[in-house]
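Engineer: Sequence:
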Amino acid sequence: MKCPFCKKPDSRVIDSRAADDGATIRRRRECGECGRRFTTYEVVEKLPLMVVKRDNRREPFNRDKLLTGIIRSCDKRDISMEQITNFVAEIERDIRNRTEPEVPSEKIGELVMEKLKDFDDVAYIRFASVYRKFADVSGFLDELKELQARKKCEADKVAQAEKGIKS
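Residue 2 is where the sequence shown starts when you use my numbering, and the numbers rise one by one after that.
Hints are computed from structural coordinates only; laboratory data are not their basis.
Incorrect hints may appear among the rest.
Unchecked claim - Lysine-lysine pairs mimicking DSSO-like chemistry, simulated, CA-CA at most 27 Å apart:
| id | residue 1 | residue 2 |
| --- | --- | --- |
| 1 | Lys54 | Lys108 |
| 2 | Lys77 | Lys164 |
| 3 | Lys134 | Lys153 |
| 4 | Lys116 | Lys54 |
| 5 | Lys66 | Lys77 |
| 6 | Lys47 | Lys66 |
| 7 | Lys116 | Lys158 |
| 8 | Lys66 | Lys134 |
| 9 | Lys118 | Lys152 |
| 10 | Lys134 | Lys152 |
| 11 | Lys146 | Lys108 |
| 12 | Lys134 | Lys146 |
| 13 | Lys118 | Lys66 |
Values in this document were obtained by computation on a predicted structure and should not be read as measured data.
Kindly generate the complete structure, drawing on both the sequences and the hints.
Structural biologist: Listed below in structure tokens is the structure:
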């Protein structure tokens, strides 16, 4: 690996460790010529994934675009950046695991919304309001009612399970 400081081609690895849940290898290197240290990252090369937009345009999948949307949805919530990046990594992993070279933007949006329901209610509603392009308050209220019904159903299941354990 070429040294970024003196540009000599000789450097040696002095430490390697997994990063990003094992998807990346972080290597500390030392230049044999100038003695300075630097870090490199090794990742598996991913096949290009194309997103098919609603108007049938195609564009490369952009993780940063997804991350920006999720960050906006989680604005002023008690959610760490680490939780958000892990959430986005999980969505990207799910999309890439489909092994399809092209994925409709609607599938990505629906996947994000499904996962946001369990991640954070407010972030879900914020994302849904942009993704579903609510024209008025009634669309917003319908989405809230659906979310409330889902949460009530989940709470009922937990209560039933706890009741079964105590019996």
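Engineer: Tell me the numbers of any earlier hints that the structure contravenes, in ascending order.
Structural biologist: Violated: hint 2 alone.
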